[in-house]
Amino acid sequence: MTIAIRIVCAICVAAFASVANAQEAPDALVKRVSQDVLQTIKSDPKIQAGDQARIREVMESKLAPNFDFERMTALAMGRNWRQATPEQQKRLTQEFKTLLVRTYSGALTQYRDQTIDYKPLRADANATDVVVRTEVVRQGQQPVQIDYGMEKKDGQWKAYDVVVGGVSLVTNYRDEFNEQVRAGGIDGLIKTLAQKNSGAAK
Amino acid sequence: MNKAVRSCAFATLALLAGCATTGPPSPADPFEPWNRGMYEVHQVVDGNLIKPIAQAYVDYTPKPVQQTIRNFFGNIEDMFSAATNLMSGKLDQAGNDMGRVMVNTLFGIGGLIDVASDGAIPKSDWDFGLAFGSWGIPQGPYLFVPLIGPTTVRDGTGLAIRGYLGPVGYIPDVPARNVLYVIEGVDLRAQALSAESVIDTAAIDRYRFIRRAYLQHRQYQLYEGKVPPEKEEE
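In the order they appear, the protein sequences are chains A and B. With the working numbering applied, the first sequence covers 7 to 208. With the working numbering applied, the second sequence covers 494 to 727.
This is chain A alone, in the form it adopts within the complex (with noise of 0.2 Å):
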């Protein structure tokens, strides 16, 4: 008896936390997602030790569930996507993904000391596509702006596109990625992508 009560109290609880993390708004995780990130850089001391390995673990079990990386390196690919393998692109989304998720703590870790104010989301109700703003105030300086491409699938919304000051993380390799794809093929490119993430792993 007890036992049944306990797994029906599970259910119930388990059904309400994934309907309100389908219903929670893109600026709002945003928000929340970006503030238990800071939080935890500011306060574990591994990484206040500059523990490279324990930053990307966060990130890793943090941010990266909240991003659509097959999408990113649709995106940072161009037309070169669709002429990559099933088994290719899986690749190219894996080694991009390691890339990405290490450039953007890079990033954040730099911002950690200020202020970011979170800007009210304009967008339908109804929209699958949006953009959060974010800015990180500085003092004596012009504020940095953060924006995140987001799209709704499935229910969950996960960002594609991380805009910083006017460039994006993701489009901004497209110049790269052709050019990769162009001299070595798309295998050259994988191999690329993937010395350069074992070269940065140290």
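It cannot be assumed that every hint is accurate.
[Unchecked claim] Listed below are several chain A residues computed to face chain B (Cβ distance under 7 Å; list not exhaustive): (1) 148; (2) 151; (3) 159; (4) 161.
Rather than coming from a laboratory, the hints here were simulated on the basis of the structure. Beta carbons: idealized from backbone N, C-alpha and C, even for Gly.
Here the structure of chain A is known, so what remains is to put chain B in place on it, guided by the hints.
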């Protein structure tokens, strides 16, 4: 002085023309081989001298001192931001900039304290390059200039005009002028350090990454953040 600048400009143009023959890979960067050469020169000078100085400045100068120095030069830039906003017909921003200069000069001890930001008069950072852009003048070819970094023909022209107008260059006392130049340069370089560390992590080919980032950022400034987002390419 003027003659020297002119002959230097001619020499640069001649070199640019000489390099333009090696097939242009990017339409925005027809002088890529030349620019890459300049980029290498910059890397050597910057990496061995200027970047370490800027890093030491950030690491060992007290933060309030750094902030004060930044505010002082920022106040001067605000005057030029006001002027260039006027050139673009952006009266609101020009008014804000002038308000900032007045408030900071009067109540912030000659611009040492940024009182205006605390009073929420936003900084706009408009410049000659952006003013020309607002008149419909295109960027022109991308340029990488040692010590200055990424720019374009349009933005570089703006920078040259800005440099010509001083006011540090008009200080009659040469040692004092040079000290101010050095401090201004170190402060400017220090401001780029954090962005640079992100680039180092992100970039595969640093030259190309900086080029695209620079051009995107300038576009974003020109349109005040209202550049239509890039979508999948067909």
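Tell me the numbers of any earlier hints that the structure contravenes, in ascending order.
3 and 4
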